[in-house]
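J.: Count along the sequence shown from 1, add 5, and you get the number used in the working numbering.
Incorrect hints may have been included.
Below 27 Å or equal to it, Euclidean Cα-Cα: the simulated BS3-like pairs (lysine-lysine) are [unchecked claim]:
no., residue 1, residue 2
1, LYS212, LYS196
2, LYS79, LYS233
3, LYS234, LYS65
4, LYS127, LYS254
5, LYS128, LYS146
6, LYS223, LYS128
7, LYS207, LYS126
8, LYS182, LYS57
9, LYS221, LYS267
10, LYS221, LYS46
11, LYS160, LYS126
12, LYS41, LYS146
13, LYS41, LYS207
14, LYS50, LYS267
15, LYS234, LYS90
16, LYS247, LYS57
17, LYS260, LYS233
18, LYS264, LYS209
19, LYS160, LYS131
20, LYS207, LYS168
Using C-beta positions, here's what the derived DEER-type ranges look like [as the list claims (entries may be wrong)]:
no., residue 1, residue 2, range
21, ARG144, LEU257, 38 to 44 Å
22, GLU173, LYS107, 36 to 42 Å
23, GLY45, GLY152, 24 to 30 Å
Just so you know, the hints here were simulated from the structure itself, not pulled from any lab data. Ideal placement from N, C-alpha and C gives every residue a C-beta, glycine not left out.
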Amino acid sequence: MKKILFLLIGIMLFAKNTTIQICDDAAEWPPFVFYKRDHGKIDKKHIVGALKDMYDVIFKDLNMSYKLDLIPWKRCTYLVSRYDKAKKYAIFPGLYSEKRAKVLYFTEPIYFTHQVVWYSKKKFTKNQLLHILKTDPNRLKICDVNGYNVYFYYKVLNLDKNKKINQEATSQCGVLKKISAGRCDIMIASKEAILGYQMIGKCKIPKDIAYVSYDKLKVSKFRLFISKKYPHAKELLEKLNKEIEKLDKMGLREKIMQKWLKIDKN
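All chains should be modelled from the sequences, with the hints used to inform the complete structure.
T.: Written as structure tokens, this is what we have:
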């Protein structure tokens with residue numbers, strides 16, 4: 006009985022007195038985590054974004070404090086994985102892998118990204134494009150970025166093996182300009198990433214460009230990874246999973262994403 010009491014006291018003190026150190030990519034990942042902009046100038050003292058808002062809700066509800074830093078990505082993942090040596094960062098967000106699961110606990114998904122089909126409203130309506138994607142995708146002029154893996158197009162759209170995909174553009178924003186100019190018909194890319202980069206001024210989406218969801222496209226699930234070497238890691242994992250579940254049940258995740266993805270191109 007005493008052991009249980011001491012354990013409960015220890016968990017309560019952990020929740021009350023601990024500041025959880027979280028790291029993320031210094032390259033920024035809008036709309037999820039990025040530096041605030043003030044008239045186009047980067048303010049590195051203030052980190053904002055959808056994931057930052059979710060952290061605020063979660064840790065306030067847990068009555069715990071946290072600190073978020075943006076540092077080089079490889080260093081972030083290394084420091085969390087080797088918490089026993091570095092003793093600083095305990096959490097980073099990311100995609101599941103078997104390698105990570107060996108040394109890290111992982112939560113239920115905290116946010117998602119969605120592949121969508123980008124196109125020009127000057128050329129297609131949404132329904133017209135969906136019909137072509139399902140019945141005759143080989144007629145479409147498909148473009149993507151130089152060096153990007155495009156093999157998934159053949160599987161998802163059931164393209165002919167000899168179908169060529171134009172990869173002359175050096176960025177996804179460059180592809181969107183080509184679509185707007187009529188030199189390409191479609192590109193498949195993350196909705197959140199492109200809207201996010203427009204948000205920080207790294208991409209200007211032409212006014213005629215829109216996106217449409219397609220049921221065969223990938224949804225990526227991002228989780229929080231916690232070092233197994235972190236004290237009370239299992240208790241923290243349990244708490245975070247309960248909070249993530251609350252985000253869903255209360256509709257807070259959707260509200261937060263709507264706040265940051267103000268540009269509706271669907």
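J.: Compare the structure with each hint and give your call.
T.: Status of each hint after checking the structure:
A distance of roughly 16 Å separates the Cα atoms of LYS212 and LYS196; the hinted pair therefore holds under the 27 Å criterion. This hinted pair checks out: LYS79 and LYS233 have alpha carbons roughly 18 Å apart, not beyond 27 Å. A distance of roughly 24 Å separates the Cα atoms of LYS234 and LYS65; the hinted pair therefore holds under the 27 Å criterion. With a C-alpha separation of about 39 Å, the suggested pairing of LYS127 with LYS254 is violated against the 27 Å cut-off.
A C-alpha spacing of about 12 Å is found between LYS128 and LYS146, which places the hinted pair at or below 27 Å, so the restraint holds. Of the pairs offered as hints, the one joining LYS223 and LYS128 holds, with about 25 Å between alpha carbons and a cut-off of 27 Å not exceeded. Between LYS207 and LYS126, the direct Cα distance comes to roughly 22 Å. Compliance with the 27 Å bound is thereby established for this hinted pair. Simply put, LYS182 and LYS57 have alpha-carbon atoms about 31 Å apart, too far for the 27 Å limit, and the pair is violated.
Restraint check: the Cα-Cα separation between LYS221 and LYS267 comes to about 25 Å, which is no more than 27 Å; the hinted pair holds. Only pairs whose Cα atoms come within 27 Å are accepted, and LYS221 paired with LYS46 is rejected, the gap being roughly 39 Å. Distance check on the hinted pair: LYS160 and LYS126 sit about 25 Å apart at the alpha-carbon level, within 27 Å; holds. Between LYS41 and LYS146 the CA atoms are separated by roughly 37 Å; this puts the pair beyond 27 Å, and the hint is violated.
For the given pair, LYS41 sits about 14 Å from LYS207 by alpha-carbon distance, which is consistent with the 27 Å threshold. Restraint check for LYS50 and LYS267: satisfied, since their Cα atoms lie roughly 24 Å apart, inside the 27 Å limit. Taking the CA atoms of LYS234 and LYS90, the gap is near 9 Å; set against the 27 Å cutoff, the hint holds. Distance restraint check for LYS247 and LYS57: the Cα-Cα separation of roughly 18 Å lies within the 27 Å cut-off, and the hinted pair is therefore satisfied.
Restraint check for LYS260 and LYS233: not satisfied, since their Cα atoms lie roughly 32 Å apart, outside the 27 Å limit. Taking the CA atoms of LYS264 and LYS209, the gap is near 19 Å; set against the 27 Å cutoff, the hint holds. In summary, the hint linking LYS160 to LYS131 is supported, as the alpha carbons are separated by about 22 Å, within the 27 Å threshold. Annotation: proposed proximity of LYS207 to LYS168 is violated, straight-line Cα distance about 31 Å (limit 27 Å).
Here the CB-CB span from ARG144 to LEU257 is close to 43 Å, well matched to the stated 38 to 44 Å. Separation of GLU173 from LYS107 is about 41 Å and conforms to the stated range, judged on CB atoms against 36 to 42 Å. At roughly 29 Å, the beta-carbon separation of GLY45 and GLY152 lies within the given 24 to 30 Å, and the hint holds.
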